[in-house]
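Can you make the complete structure from the sequences, with help from the hints?
2 protein chains.
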Amino acid sequence: MQKIIECIPNFSEGRDKKKIDKICKAITNVKGILLLNVESDIAHNRSVITFAGTPVAVLEAAFQATKTASRIIDLTRHKGEHPRMGATDVIPLVPISGITMKECVRLAQKLGSRIGIELKIPVYLYEKAAKREDRKNLANIRKGEYEGLKKEIGKNADRKPDFGPKYLGKAGATAVGAREPLIAYNVNLDTKNIKIAKAIAKKIREKDGGFKSVKALGFELKDKGITQVSMNLTNYKITPPHIVFNAIKKEAKAKNVEIIESEIIGLIPKKALIKGAKHLLKIKKFKNDQVLENILKKKLQNFQKPLQ
Amino acid sequence: MQKIIECIPNFSEGRDKKKIDKICKAITNVKGILLLNVESDIAHNRSVITFAGTPVAVLEAAFQATKTASRIIDLTRHKGEHPRMGATDVIPLVPISGITMKECVRLAQKLGSRIGIELKIPVYLYEKAAKREDRKNLANIRKGEYEGLKKEIGKNADRKPDFGPKYLGKAGATAVGAREPLIAYNVNLDTKNIKIAKAIAKKIREKDGGFKSVKALGFELKDKGITQVSMNLTNYKITPPHIVFNAIKKEAKAKNVEIIESEIIGLIPKKALIKGAKHLLKIKKFKNDQVLENILKKKLQNFQKPLQ
Chain A
1 MQKIIECIPN
11 FSEGRDKKKI
21 DKICKAITNV
31 KGILLLNVES
41 DIAHNRSVIT
51 FAGTPVAVLE
61 AAFQATKTAS
71 RIIDLTRHKG
81 EHPRMGATDV
91 IPLVPISGIT
101 MKECVRLAQK
111 LGSRIGIELK
121 IPVYLYEKAA
131 KREDRKNLAN
141 IRKGEYEGLK
151 KEIGKNADRK
161 PDFGPKYLGK
171 AGATAVGARE
181 PLIAYNVNLD
191 TKNIKIAKAI
201 AKKIREKDGG
211 FKSVKALGFE
221 LKDKGITQVS
231 MNLTNYKITP
241 PHIVFNAIKK
251 EAKAKNVEII
261 ESEIIGLIPK
271 KALIKGAKHL
281 LKIKKFKNDQ
291 VLENILKKKL
301 QNFQKPLQ
Chain B
1 MQKIIECIPN
11 FSEGRDKKKI
21 DKICKAITNV
31 KGILLLNVES
41 DIAHNRSVIT
51 FAGTPVAVLE
61 AAFQATKTAS
71 RIIDLTRHKG
81 EHPRMGATDV
91 IPLVPISGIT
101 MKECVRLAQK
111 LGSRIGIELK
121 IPVYLYEKAA
131 KREDRKNLAN
141 IRKGEYEGLK
151 KEIGKNADRK
161 PDFGPKYLGK
171 AGATAVGARE
181 PLIAYNVNLD
191 TKNIKIAKAI
201 AKKIREKDGG
211 FKSVKALGFE
221 LKDKGITQVS
231 MNLTNYKITP
241 PHIVFNAIKK
251 EAKAKNVEII
261 ESEIIGLIPK
271 KALIKGAKHL
281 LKIKKFKNDQ
291 VLENILKKKL
301 QNFQKPLQ
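Each protein sequence line maps, in turn, to chains A and B.
Under this note's numbering, the letters of the first sequence match residues 1 to 308, in that order.
Under this note's numbering, the letters of the second sequence match residues 1 to 308, in that order.
Since the hints were derived computationally from the structure, they do not count as laboratory data.
There could be a bad hint or two in this list.
No distinction is drawn between identical chains; accordingly, a pair holds when it is met within one copy or between any pair of copies.
With a straight-line cut-off of 30 Å between C-alpha atoms, the simulated BS3-like cross-links for lysine-lysine are [claimed, not checked]:
| no. | residue 1 | residue 2 |
| --- | --- | --- |
| 1 | 110 | 275 |
| 2 | 299 | 3 |
| 3 | 19 | 298 |
| 4 | 17 | 298 |
| 5 | 284 | 170 |
| 6 | 198 | 25 |
| 7 | 31 | 195 |
| 8 | 237 | 166 |
| 9 | 110 | 297 |
| 10 | 17 | 285 |
| 11 | 284 | 192 |
| 12 | 151 | 202 |
| 13 | 250 | 131 |
| 14 | 143 | 22 |
| 15 | 102 | 160 |
| 16 | 278 | 297 |
In structure tokens form, the structure reads like this:
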């Protein structure tokens, strides 16, 4: 099977379309890259670019994008709601097919090293690629944001980067890591009472003793007169959408509130949905090979292998 | 995209393993055929073989299997619970990828014609390939089974085959057709009362005014002390599993009965499960391209196309 990884770098520019286009171009100029999605947020002043390809192509594209961003984004002048520490703020690598998480961790180290040496940008390895327990959580690395890190990076040994110099230029610092695909999943409730949405979010998120790999916040959707539990499911293999859906449904029901609808923002792996159907339809003893397309794909792959 | 069709012929032999193996061999001897599943039933004295491949390979394999079956299965001596009229009883063709139903109908005609001319077996086109409204339903074609058809085929103009002779040999007659993938789906109920399972089956099946493309029967699973609604969903695009699951749940609840579990027998198309998850999770505005694997596959296909 062809090795395919996905990369979802976040850049600290969400307003200037010309600059965002330049970064996209640095990515798509690399042969073999599939640009999947570009989302810019004006309030956050941040863009999230999703692309995929072979490991070699993805590493080259991520490096070129970081190089371009370091030239056109100035962190000393950047303002936005979202916490940030670098022109290229984070670069997560995600295994998609034919590749393990371990290999993605090695690729993250390789990419981080190159960014540190060639671009003189401090790099912190995070999530699965972290070399220190406290760096698994991005929030710890980004504490104090660009301004705070700039003051501390040369003095505090705890903040020494994994690669690159111990000082911050205008391009700031970059976190490079490996992780499972993240699912952005929102559930809308038929209540205006923000307290209910916030209470449910607290109940289900990992931080407060809820489900593992779930981040959740309660929001008001004022234009619709409803509230929302907005989630990031950082490992759908541990906690898939249907588990939080059922939990929210139960919590809401206890307060006489109903779920109106849910939404997937961006992409979701096929397996997460198939798992959901299997669970909600109470299907017993179901094997992946019972999915017509899976067994066909498997048989076709075996079939196309040359005889040894 | 490569044209792939699936073929699920039913043969009137479910007891003699040597004979079943001979038929399988006739199929797998054809280059490019992927054998997906073989299920033999002793009580029914019938085997269902599932295979897939390109249209040319599948047509050749189906012909060779029919030829082999006509030599080793004698309908004048066949006994089994399942209705049957031929050594090769039915040959449905199912579009899987890169091919339309219309093309599959043409392939069914081509295959039927060849079986009629070369093997001297009467062939009836059924389901989507039927040339007469009453032949869409296989039960009409197979009325009276082998014995009844043998008496009528030469006399009754209504029973004239679409291809082949107007008489039945020991190999009987074969129905050749095209259809959507069929999902065999069972839902188990926590009641011993067979009347409840039968009443629910009646309520949901097309024949008695229920859901379109649903065949359903109520059964007792004596060894487990429960009952079952056993279904064939003949077009999951019209009625997918989650629709009947929810309907059965509602009907059962009204009688204070719960669904224990459900089961998929054999294969199910990926889309049927994804549709189910989308519905049960109340996901709004979901596009197929939001499935990570779908957008990747699409982009990869565009990417691999040579420049024109």
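Do the hints match the structure? See the list:
1. 110 <-> 275: neither (34 Å within a copy, 40 Å between copies)
2. 299 <-> 3: both (19 Å within a copy, 15 Å between copies)
3. 19 <-> 298: between (43 Å within a copy, 28 Å between copies)
4. 17 <-> 298: between (43 Å within a copy, 27 Å between copies)
5. 284 <-> 170: neither (56 Å within a copy, 42 Å between copies)
6. 198 <-> 25: So residue 198 and residue 25 fail the 30 Å test inside a copy (40 Å) and across (63 Å) alike.
7. 31 <-> 195: neither (50 Å within a copy, 65 Å between copies)
8. 237 <-> 166: Cα proximity of residue 237 and residue 166: none, with 37 Å in one copy and 59 Å across.
9. 110 <-> 297: The answer is between: 27 Å across copies meets 30 Å, while 32 Å in one copy does not.
10. 17 <-> 285: between (51 Å within a copy, 27 Å between copies)
11. 284 <-> 192: between (39 Å within a copy, 20 Å between copies)
12. 151 <-> 202: For residue 151 and residue 202, neither the intra-copy (33 Å) nor the inter-copy (75 Å) Cα distance is at most 30 Å.
13. 250 <-> 131: neither (39 Å within a copy, 53 Å between copies)
14. 143 <-> 22: within (29 Å within a copy, 70 Å between copies)
15. 102 <-> 160: within (24 Å within a copy, 65 Å between copies)
16. 278 <-> 297: both (20 Å within a copy, 24 Å between copies)
Violated hints for the displayed structure, listed by number in ascending order: 1, 5, 6, 7, 8, 12 and 13.
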